[in-house]
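Read off the chains here:
There are 2 protein chains.
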Amino acid sequence: MKLADSYKQTQYQLAGHGKRNIEVLKEAFDQVDGEMDSDIYGEGHVIESFERKIAALLGKERAVFFPSGTMAQQAALRIWCDEKGSRKIAYHPLCHLEIHEEDGPRKLHHFEVTHLADETRVIEMDDLINIDDGVSAVLLELPQRELGGRLPSFETLQKISAYCREKGIRLHLDGARLLEVLPYYKKTASEVSKLFDSVYLSFYKGIGGIAGAILAGEESFVNQARVWKRRHGGDLICLYPYIIPADHFYEKRKDKMADYYVSAKELAKSFNACNGVTTIPAEPVSNMFHVHLPLKKEEAEAFIAEIHEETTIGLTAKVQERGNQVYFELSLGDNYQSIPKDALGHLFTVLENKMKTSV
Amino acid sequence: MKLADSYKQTQYQLAGHGKRNIEVLKEAFDQVDGEMDSDIYGEGHVIESFERKIAALLGKERAVFFPSGTMAQQAALRIWCDEKGSRKIAYHPLCHLEIHEEDGPRKLHHFEVTHLADETRVIEMDDLINIDDGVSAVLLELPQRELGGRLPSFETLQKISAYCREKGIRLHLDGARLLEVLPYYKKTASEVSKLFDSVYLSFYKGIGGIAGAILAGEESFVNQARVWKRRHGGDLICLYPYIIPADHFYEKRKDKMADYYVSAKELAKSFNACNGVTTIPAEPVSNMFHVHLPLKKEEAEAFIAEIHEETTIGLTAKVQERGNQVYFELSLGDNYQSIPKDALGHLFTVLENKMKTSV
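Chains as they are written, first to last, in this note's numbering: chain A, 1 to 359; chain B, 1 to 359.
Calculated directly from the structure, the hints in this document are not laboratory data. Small disclaimer: the values here were computed from a predicted structure and weren't measured. Please note that the accuracy of each hint is not assured.
Identical chains share a label here; the pair holds if one copy fits it or two copies do between them.
[Said to hold, decoys possible] Straight-line C-alpha distance at most 25 Å; calculated DSS-like pairs for lysine-lysine: (1) K296 x K8; (2) K186 x K205; (3) K187 x K252; (4) K53 x K256; (5) K269 x K318; (6) K107 x K84; (7) K107 x K88; (8) K88 x K167; (9) K296 x K269; (10) K318 x K19; (11) K26 x K252; (12) K269 x K256.
Taking the hints into account, I'd like the entire structure generated from these sequences.
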């Protein structure tokens with residue numbers, strides 16, 4: 001059976017909050033009064049009150065709701081570039097703009113990109129020391145998803161922030177998963193955000209909404225972001241189909257991030273106890289990590305599909321490959337806690353045994 | 001009382017399908033099974049089946065759902081520009097890209113725009129005769145919204161289409177309100193669309209969905225449009241919150257466009273019978289028209305607010321001004337038919353009397 005199909009047929013899943021189906025929308029709207037007015041082109045109570053709420057969470061003057069982080073981040077970086085009069089920006093070679101946006105940042109905004117750090121590690125203070133003064137903005141992603149959700153230390157963030165301010169370089173936070181790293185940093189969203197000039201937060205990762213993002217910063221920055229939202233085609237007449245679920249699931253899960261983080265550490269430990277299996281990071285610093293297998297991609301797919309059939313616990317629907325690394329991503333949410341302990345125990349017995357015969 | 005507030009308090013409204021409130025979403029999802037899978041980044045039954053359905057309606061090979069027409073049309077024109085290797089495009093000076101997109105088309109795509117026709121009339125065949133051969137694409141908007149929804153003749157469309165094909169210029173249709181003009185042309189959507197290389201259709205105008213658009217054309221064109229959707233930040237993980245309502249309201253209203261057209265002609269006649277009031281077009285060719293008043297903008301706003309209070313029928317929440325013209329737009333939908341005839345009669349008696357004393 002194909003991996004994705006075998007995953008769909010499992011009874012439990014290690015990652016996530018449950019199926020992405022229409023019920024997610026229905027749950028969010030169940031208690032909402034049908035007479036409530038829609039937002040209209042960025043105005044109205046439903047959008048303005050949510051923007052104010054998340055701006056306050058992030059300790060920023062203003063916030064604007066975007067349909068996507070792709071759009072929000074391109075807008076943010078373009079604003080900082082226009083401010084300085086230079087299209088030079090710097091980010092990690094595995095950041096979202098580099099690998100998931102079909103080169104939109106260059107094709108639409110003509111950014112001139114410098115890569116910081118490399119595919120094996122996150123950005124550290126030393127990576128910025130020789131940075132071109134002409135760089136308008138540096139983007140940091142916390143956690144660095146494509147590296148299994150790794151993080152620099154909070155002290156490093158403080159140093160990078162101070163350095164960028166001194167150099168007149170704007171610092172932007174790809175905080176798609178910002179809430180997910182707060183338990184590790186033992187900081188509030190506002191304490192992390194204040195190190196950055198602009199912050200993007202996603203509502204369908206750990207929060208588990210349908211789609212949508214917030215971009216926050218000072219008032220003049222956010223006013224410009226609203227104009228770029230219109231230019232990109234993101235100033236939809238009604239965004240409430242995403243805003244109401246974003247708010248609903250934010251309230252439902254904002255205080256569960258520490259649980260997801262604890263679960264991730266526990267689960268990673270179980271994987272690392274299996275001979276040949278390793279996780280990155282070895283000890284997670286958020287709700288996510290990567291599981292690396294000493295197999296070729298096709299072998300890993302068949303291997304995991306068999307585990308799905310034997311255990312009815314879903315590990316992943318997709319195996320990834322980078323260089324000679326074969327791995328899959330796990331982002332923990334509500335699902336993990338609902339798996340019976342003996343079923344989990346059985347999963348790791350099966351995994352351990354299969355590893356012995358497969359490798 | 002302010003015009004917008006007085007409009008909100010009216011019992012009936014001449015235009016539209018009813019309030020833009022959460023009930024629109026609730027109605028669309030009421031009969032949908034919660035177990036139905038979401039679309040995921042452009043894939044899945046819910047998005048693919050709708051794209052196939054609208055492609056068939058428009059007689060095109062493929063279609064792609066976009067969150068907005070702004071994004072869809074910038075993508076379409078960029079594809080045609082890249083094909084020819086020239087950023088020159090041509091459209092009407094009052095088209096959406098020129099006046100509602102914060103100059104996004106130039107700032108993101110560096111289009112070099114030639115205006116065809118002027119602010120008093122639609123594009124005719126003669127406007128294209130001396131067009132630069134380097135122009136990659138011409139955009140026609142049917143009906144031309146900012147001119148009260150005026151149209152060229154179908155014969156003119158055929159001539160323009162043949163001319164562009166001969167010259168190697170791509171012809172794009174801003175068909176945001178395409179279904180609304182079919183009763184006047186006495187043509188199918190496919191018969192109009194086949195004159196164009198690419199077609200955009202909106203789902204929250206006459207159809208009355210929440211937001212969203214379709215862009216249709218040949219397979220290679222649509223494949224490129226999907227890439228531009230990703231680049232713009234429009235390839236959302238889930239677009240079903242717009243697609244399911246688009247489909248629901250398309251089915252509900254696709255066969256009512258002739259009724260809306262007949263209503264528009266009847267209502268325009270009543271306005272034109274009032275001394276000093278005129279409509280553009282004098283006889284509508286779709287469900288929409290503009291009502292021009294011989295008053296200054298502030299006078300018109302106070303005048304209409306008074307009518308709202310006296311008749312409890314809403315004319316408009318917004319008066320517009322262009323040059324020395326003061327007018328408001330009416331786009332007819334389900335609301336008009338629900339107004340009692342005697343209430344409508346009373347409205348025009350009040351309007352006639354007030355015009356006598358105000359002008």
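Results of checking the hints against the structure:
1. K296 x K8: Intra 22 Å, inter 64 Å, cutoff 25 Å: intra-copy only.
2. K186 x K205: This pair counts as within: shortest intra-copy Cα distance 20 Å, inter-copy 49 Å.
3. K187 x K252: So K187 and K252 pass the 25 Å test inside one copy only (20 Å; across, 51 Å).
4. K53 x K256: within (19 Å within a copy, 42 Å between copies)
5. K269 x K318: within (21 Å within a copy, 62 Å between copies)
6. K107 x K84: So K107 and K84 pass the 25 Å test inside a copy (20 Å) and across (17 Å) alike.
7. K107 x K88: both (14 Å within a copy, 17 Å between copies)
8. K88 x K167: within (14 Å within a copy, 40 Å between copies)
9. K296 x K269: So K296 and K269 pass the 25 Å test inside one copy only (23 Å; across, 74 Å).
10. K318 x K19: within (15 Å within a copy, 43 Å between copies)
11. K26 x K252: Both: 15 Å inside a copy, 21 Å across copies.
12. K269 x K256: within (20 Å within a copy, 62 Å between copies)
The structure agrees with every numbered hint stated previously.
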